[in-house]
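Visitor: Following the hints, complete the assembly by docking chain E onto the known chain P.
Listed here are the chains, written in short residue letters.
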Amino acid sequence: MNNELAKKIILPILVFLAVLGVWSGIAKVVEDFPTPQTTYVAAFGGVNADGEEVKGVLADPFYVENEDDKGIFWQILASLQRVFGGFALAILVGVPMGILIGMSKNAQYAFDPFIQILKPVSPLAWLPLLLYIFQDINMTAISTIFVTSIWPIIINTALGVKSVSADYMNVARVLRFTPLEKVMNIILPVAVPYMFTGMRLSLGIAWLVIVAAEMLTGGIGIGFWIWDEYNNLNYPNIIIGIIIVGIVGYLLDLIMGKFSDFFDYTKKGRA
Amino acid sequence: MGKFLTLENIEKRFPIPGKEDYVAVTDVNLEIKKDEIISIIGHSGCGKSTLLNMISGLDRETAGHIILKGKEVTGPGPERAVVFQNHSLLPWLTVYQNIEMAVKKVMPELDPAQLRERVEKFVTLVNLDAAKDKYPGEISGGMKQRVGIARALSIKPDVLLMDEPFGALDSLTRANLQEHLMRIQSNVKNTVIIITHDVDEAVLLSDRVIMMTNGPEATIGEVLEVNLPRPRDRVALQHDEEYIRCREAILTFLYEKFAKEDE
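Protein sequences appear in the order of chains P and E. Be aware that the first sequence starts at 1, since it is given in our numbering, and climbs by one per residue. Be aware that the second sequence starts at 1, since it is given in our numbering, and climbs by one per residue.
Next comes chain P alone, as it looks inside the complex:
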C-alpha cells in the first residue's frame, strides 16, 4: 500500500521535472518564450531576470484597480458566473425537453433532426449572431454557454428516460400508478444519473468554450485576460492562465462527479 502511495507521488514528480526540462528547452530555442523561472516569478512575485521587482499574478488575486483592471480572482469569477448562468438556463430548458423527447415518440420525431444538426455546430459559430442580438458581452457569453450546454443535457436526459425498462413500467401498471407517480417513482430514479452525466459533459464543454468566447467578446473573464496578456506581451501570464483554467476545470468536474454519484442509485449501498 505504502509502496503504491510512494509511486503515486514520485511518478508525477518525475513527469513534472521532465516537462520543466522540455519547457526550458523550448524557452532556449524560442526567443522571449518564458522560462519556468520567469513564469514562477510572474505568478508568485519576486525579482525577474531584468532585475525588476515583480508583483505576482497570484500574490494579489483580489485587487481592483479599475473596471478594466482587476485581479485574477475576479477574472475567474466572471467566467464562472457566465458558465453557471448559461448552464443553469440549459438545465431549465434541457431537462424538461429531454423528458418530453424520452417519453413521447412524436416529440422525438419532431425534434431529433434539429438536435442532430445543431449539436455538432461549434457554439462559437453562434457567437456573432448572439452578439448582434444582445449587443451585450455578458448576455452573449451566457447565451453562448446555453447553446453549448443544452445538447448533452437534452440527449442524455432523453436517453435516461428511454432506458426505463418495460419491466419497471409493468410493475407501475400492475400497481396502477398515475402518470405523476410513474415519473416520480420510476422514471426519475432511472433517468437522474443520465441527466447528471449530461450535465457533467455540458459543464466540461462550457468551461472549454468560455475561454474562447471571452477572447472574442472581450471585457472581463479569464479568456479575455489570457488574450489581453498576449497583447501586452506578458507571455508568462498566458502559461499561468492555462494552468489556472486547467485547475478550475478539474475542480468543476470533481464537484459535478460528486453530485452525480450522490444521485446515482447504482452507487448506493455498495461497499
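Worth double-checking, as some hints may not be accurate.
Stated by the list, open to error - What follows is a set of in silico ranges between Cβ atoms, one per label pair, in the way DEER data are often shown:
hint, chain 1, residue 1, chain 2, residue 2, range
1, P, 84, E, 44, 53 to 61 Å
2, P, 255, E, 189, 49 to 57 Å
3, E, 107, P, 184, 52 to 60 Å
4, E, 70, P, 180, 28 to 36 Å
Stated by the list, open to error - A short list of chain E residues far from chain P (calculated; beta carbon distances all over 12 Å):
hint, residue
5, 69
6, 72
7, 86
8, 87
9, 92
10, 197
11, 256
12, 259
Just so you know, these hints were derived from the structure itself, not from any lab. Positions of the beta carbon are idealized from the N, C-alpha and C atoms, including for glycine.
Guide: Chain E only, in chain P's frame:
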C-alpha cells in the same frame, strides 16, 4: 358461490404488416377455482406467457373474455399481482422499500404503524428479515425472487400470476423457492397461476396442470388433475404412483404428442 376466474374463448392475434395476422393463442377456455394452484406448461413459443399477460391485463386479448369474480379484466390491476421472471425489483429501493411502495399504493388507508407491520409481515413470510435493508443488487437471484413474491402477495391479490418465476435460477435455488412457495401457500391461501416449462415443478406445485399445444394457434391440449395430498415432499414423491403417473402424462404430451422438432 359464483365462478372465480373464467377464461372464455380467448384468442390473441398479432398483426403482421402485409401478411395475415399471427394467431398466437386461440380458443382457450378455462375455469379456475378459488385457492387453486394451476400450472400452464408447454414448449417455448406456445403462447403461455401471452396467456398470462392477458390475465394480468398487461396485454389485451383480441377476442374472448377474462372474468374475475364477475368483473371483466380490462387492464392491469393489483388484484392480479404478477411475479415477473426477472423479478423486476426497483434497484434504487431496498427490499423493505420495494414491498412498502406496493403496499402504500394499494392500501393508502393504512397508518404508518399498520403499513410497517404489513411490510414486516411479508418480509418475514419469505424469510428475508436479515436482508430487508439491502438493495436488490446486493442479494442473490433466489432472494430477489422471494422479494418479488412478497411484494406480489403483500397487496392481497385475488390471483397471484407467476411468469416462469424460477426459470432464471439454478436447480437447487429453484427447489428451495418451490419449498418457500408451498410453505407460503399453506400459510396464506392464494389462487396461483404458474407458467413453467419444468415438468417436476408443475406436478409438485399444482392442483391442475394445463398443457398447451404448440403455436401458432396454440390452445389447451390436456388438463391434468394432480391428486396428491399436501404438504408434498419432493423426495418421497419420487416413488409415489400418482406423482409418476402425472409426470408421465405431461412428458408424453410434451415429447410424443406435441414434440417440438426444430430448436
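Visitor: Of the numbered hints stated previously, which ones are contradicted by the structure, given in increasing order?
Guide: Failing hints, ascending: 3, 7, 8, 9.
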